[in-house]
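Peer 1: One line per chain: the protein sequences are A and B, in this order.
The number in our numbering is simply the position in the first sequence, starting from 1, with 107 added.
The number in our numbering is simply the position in the second sequence, starting from 1, with 313 added.
What the hints contain is simulated information worked out from the structure, not anything from laboratory work.
Worth double-checking, as some hints may not be accurate.
Stated by the list, open to error - Short derived list, chain A residues pointing at chain B, Cβ under 8 Å:
#	residue
1	Arg124
2	Gln187
3	Tyr191
4	Ala236
As the list claims (entries may be wrong) - 20 Å max Cα-Cα, derived SDA-like pairs, lysine to any residue:
#	chain 1	residue 1	chain 2	residue 2
5	B	Lys358	A	Ala267
6	A	Lys365	B	Pro407
7	A	Lys361	B	Gly455
8	A	Lys109	B	Gly455
9	B	Lys406	A	Lys109
10	A	Lys188	B	Lys406
11	B	Lys591	B	Ala564
Built from N, CA and C at the ideal position, the CB exists for glycine as well.
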Amino acid sequence: MKRIAAVAVFTFRELVRSKLLFVWLISVVVLLGLAFLLSILSYGDILNIFMDLGLVGMEVSGLMVLILSLAVTYTTEMDQKAIYLQLAKPVTRGEYLLGRILGFFLLNALVVLGMGMVVVGLVLFLGGAPVPTLFYDCVVFLLMEMLVLTVVGLTFQMIATSMVGVVVYSFFTIFLGHLTGEIQWLLGKELAPATKFALQVVYVALPNLEVYNLKDRMYDPTMVLGLPQWEEVVLYTIAYSFFVFLIGWVNLEKREFK
Amino acid sequence: MLILVHPWLIQILSLGFWKNPLKGELSVADLPCAIQIQGLSKTYKTGFWLAPKVSKALKGLQLDIYENQAFGLMGLNGAGKTTVIKLIMGLLKPTGGNITVLGGSVSDRLIRDQMGYLSELPYFSKQHTGRELLEYFGTLHGLSGKDLRHRVDEVLELVRMVKQAGERVSGYSKGMMQRIGIGQALIGKPKLLICDEPMSGLDPVGYKEMRDIFIDLKKSGTTLFLNTHILDEIERVCDRIGILHEGELKAVATMTKILETSVPVDYWIDVDSGEAPKFHGLPFQAAVQKNGGVQISGMVLAETLALMTSRRAKIKGVRPLSSIVEAYFLQTIGAHAHLRAPEGSRA
Numbered sequence: 108m109k110r111i112a113a114v115a116v117f118t119f120r121e122l123v124r125s126k127l128l129f130v131w132l133i134s135v136v137v138l139l140g141l142a143f144l145l146s147i148l149s150y151g152d153i154l155n156i157f158m159d160l161g162l163v164g165m166e167v168s169g170l171m172v173l174i175l176s177l178a179v180t181y182t183t184e185m186d187q188k189a190i191y192l193q194l195a196k197p198v199t200r201g202e203y204l205l206g207r208i209l210g211f212f213l214l215n216a217l218v219v220l221g222m223g224m225v226v227v228g229l230v231l232f233l234g235g236a237p238v239p240t241l242f243y244d245c246v247v248f249l250l251m252e253m254l255v256l257t258v259v260g261l262t263f264q265m266i267a268t269s270m271v272g273v274v275v276y277s278f279f280t281i282f283l284g285h286l287t288g289e290i291q292w293l294l295g296k297e298l299a300p301a302t303k304f305a306l307q308v309v310y311v312a313l314p315n316l317e318v319y320n321l322k323d324r325m326y327d328p329t330m331v332l333g334l335p336q337w338e339e340v341v342l343y344t345i346a347y348s349f350f351v352f353l354i355g356w357v358n359l360e361k362r363e364f365k
Numbered sequence: 314m315l316i317l318v319h320p321w322l323i324q325i326l327s328l329g330f331w332k333n334p335l336k337g338e339l340s341v342a343d344l345p346c347a348i349q350i351q352g353l354s355k356t357y358k359t360g361f362w363l364a365p366k367v368s369k370a371l372k373g374l375q376l377d378i379y380e381n382q383a384f385g386l387m388g389l390n391g392a393g394k395t396t397v398i399k400l401i402m403g404l405l406k407p408t409g410g411n412i413t414v415l416g417g418s419v420s421d422r423l424i425r426d427q428m429g430y431l432s433e434l435p436y437f438s439k440q441h442t443g444r445e446l447l448e449y450f451g452t453l454h455g456l457s458g459k460d461l462r463h464r465v466d467e468v469l470e471l472v473r474m475v476k477q478a479g480e481r482v483s484g485y486s487k488g489m490m491q492r493i494g495i496g497q498a499l500i501g502k503p504k505l506l507i508c509d510e511p512m513s514g515l516d517p518v519g520y521k522e523m524r525d526i527f528i529d530l531k532k533s534g535t536t537l538f539l540n541t542h543i544l545d546e547i548e549r550v551c552d553r554i555g556i557l558h559e560g561e562l563k564a565v566a567t568m569t570k571i572l573e574t575s576v577p578v579d580y581w582i583d584v585d586s587g588e589a590p591k592f593h594g595l596p597f598q599a600a601v602q603k604n605g606g607v608q609i610s611g612m613v614l615a616e617t618l619a620l621m622t623s624r625r626a627k628i629k630g631v632r633p634l635s636s637i638v639e640a641y642f643l644q645t646i647g648a649h650a651h652l653r654a655p656e657g658s659r660a
C-alpha cells in the first residue's frame, strides 16, 4: 500500500505542477464570464442554466485535463523512459499502474470538485437558494465517470506505442461511450447477424458513459434516483474499472522496454 | 638521464603485474555469483506483422558476475550491451536462456530491493526537485520517516547534490541529472549496482567523483556491473571485463590476465631531435631526427630503451599510445585489421 500511495502522490504532484490546471482555470473563467452574461440577458431560470453550464464545464474540463495529462505523461514515462527506473525498483507493475490511476484520479477529482465548489458558491451568492441534492448526485456520478475514463486512459497508455495513439484511443472511447444509448437503440432493430454481433461486442467493450449522465435528467419530474440506481451505477463502475485495470496490468506485465 | 615514464609503464616494466590497489590476484572459481547468465539469447522482431524482420541481439550468452567484484562490459555500439542490462533488470524478456540475480529471479521484489540500476541518460519527471525524486525512490525501497530523510541526505552528499537538492529537475544540467540518477540507484543501499554508461554527461570533475564513488562502493562490498565505453573507468575500477561483439561474448578476463597477455600496445619514446646522431646505424634514427621521438611496439620496448641508454641518449619520456585494455578490446573484436585496412579494401 505504501508503494501504491508513493506512486499516486508522485504522479499527482507531477500533474499538478505541469500546468495542466490552467485548463481548469480557463474553464472557471469561461464559466464565470457566461454566468455574468446570463445574469444580464436572462430573466428566467438563470440559476438552473448556470448549474447546467457548471456541470458541462466540470465534465469538459475534467476530460480535457485527463486527455492532456495522458499525452504529457506518455512523453515523459514512455518516450523519455522515466518508467524504466521506477519499474526497476521493488514495486510490482500492478502497484505502479494502480498508483498512476489513483494519481490521475486525484487530479480529476480536484478539477471536478473545484469547479463544483465554484458553481455552488456562485449559485448561493447569486440566488441565495439552496442547491438541489440532485446537483451533488450529478457531481458524484461525474467523479465515477472520471474514474472509469482514467482507468481506460491509463490502460491505453500501457498498450499504445505512441502519444498520438493514447490521445486518439481515449478521445474515441469518450465519444463512443456517450453513444451507448444509440448503440442500444440500433441493437433493437433488424440487423444482419454479423452486424448485430459486432455492435454487441462494441456495446459491451465500451464504457457505458450514459449511465453517468444524470445532468440531462436533472429537471425530469419522472427521474427517480434511489438506492437500486446507485447500487447499479457503483457496481458497474467498480466492475468495469477492475476489468479494464486487469487488461492494463497484464499488458504492462508483458510489455518490453526496448 | 631523465626518464619521465607513464605510470602504466612503471607497473608493467618494473613490477611485472597490474598494481591496482583495489585488486589482488583473483581466484574467481570459489567466489559466489551475483549474476549467473546461462544461454541467454534475445531476438527483436521489427517491421510489419506480415513481413517481420528478425534481428538477433544476443546469441547464447554465458556469463557469471562474482560478488564483491566490479565487472565491465565493453563493446561497440549495437553490440548488445544495453540489451544484456535490460534483460538482467527484467525490462526485456529473454527469447532463450535464463538469468539468476542474487540467487533468485529479478521479478522477485526482494531481489530488486537489493539492486540499484542506472539507465543510460536517465530521465525524470521535471516537475520534481532532486530531493523529492530521491524520497520517492527511497519510498519504493520501503524507506520512510527519519530513515528516508537520513538516507536521502547521505546520498545527496555522496553525489554532491546537496545545494541543488531543492531545485526542480527542469533546471538541472545533463551532469546533474546523471548524479541524481546515480543517487536513485544508491538510495536502497544496493548489494548489486548495475549502470549503463554511468559517465555520460559528466564533466571531468564529475567523472572523477563518480569513479571514486564506484571505488568506495566496491571497497564496501557492492558488486558492480558497468557497461561503459570509457576505458579508463574500466581499467581503474573493474576486476574483470567482458567483450561483447555482435551479440556474442568474445572474451571474459580478469585485468590481471589481460596484463599478462602480450597485447600489442605501441609506445612513444620522446627523444630530443638533437640526439639523433647517437642512433647512427639504427632503424629509428630518421624518425627521431624528423619527429623528436619514435613509435615502437611494446614487444621491443625494453630492448629499445636499453639500446638508447647504452648510447647515452636523453630520453624525455615514454608513454603508451593506447591503453592495454583498448588494445585487448581491439584485438579481441578483430578491429586492428579492420582499422588498419587500406582504403578501398572493403567491399
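Peer 1: Work down the list of hints and note, for each, if the structure agrees.
Peer 2: Taking the hints in turn, this is what the structure says about them:
The closest approach between the C-beta of Arg124/A and any C-beta of chain B is roughly 4 Å, which is under the 8 Å cut-off, so the hint is satisfied. Given the 8 Å rule on beta carbons, the hint for Gln187/A holds: about 4 Å separates it from the nearest Cβ of chain B. With a cut of 8 Å, the hint placing Tyr191/A at the interface with chain B holds, because the nearest CB-to-CB distance is about 5 Å. Hint status for Ala236/A relative to chain B: violated, with the closest Cβ pair at about 41 Å, above 8 Å.
Distance hint between Lys358/B and Ala267/A is fulfilled; the C-alpha atoms sit about 17 Å from each other, no more than 20 Å. Between Lys365/A and Pro407/B the alpha-carbon distance is near 12 Å, which keeps this suggested pair within the 20 Å criterion. Taking the CA atoms of Lys361/A and Gly455/B, the gap is about 25 Å. The hint is violated against a cut of 20 Å. Straight-line distance between C-alpha atoms of Lys109/A and Gly455/B comes to about 8 Å, which keeps the hinted pair within the 20 Å bound.
Among the hinted pairs, Lys406/B with Lys109/A is inconsistent with the structure: their alpha-carbon atoms are about 28 Å apart, more than 20 Å. Among the hinted pairs, Lys188/A with Lys406/B is consistent with the structure: their alpha-carbon atoms are about 17 Å apart, no more than 20 Å. Annotation: proposed proximity of Lys591/B to Ala564/B is violated, straight-line Cα distance about 44 Å (limit 20 Å).
Hints 4, 7, 9, 11, counting from the list given before, are not met by this structure.
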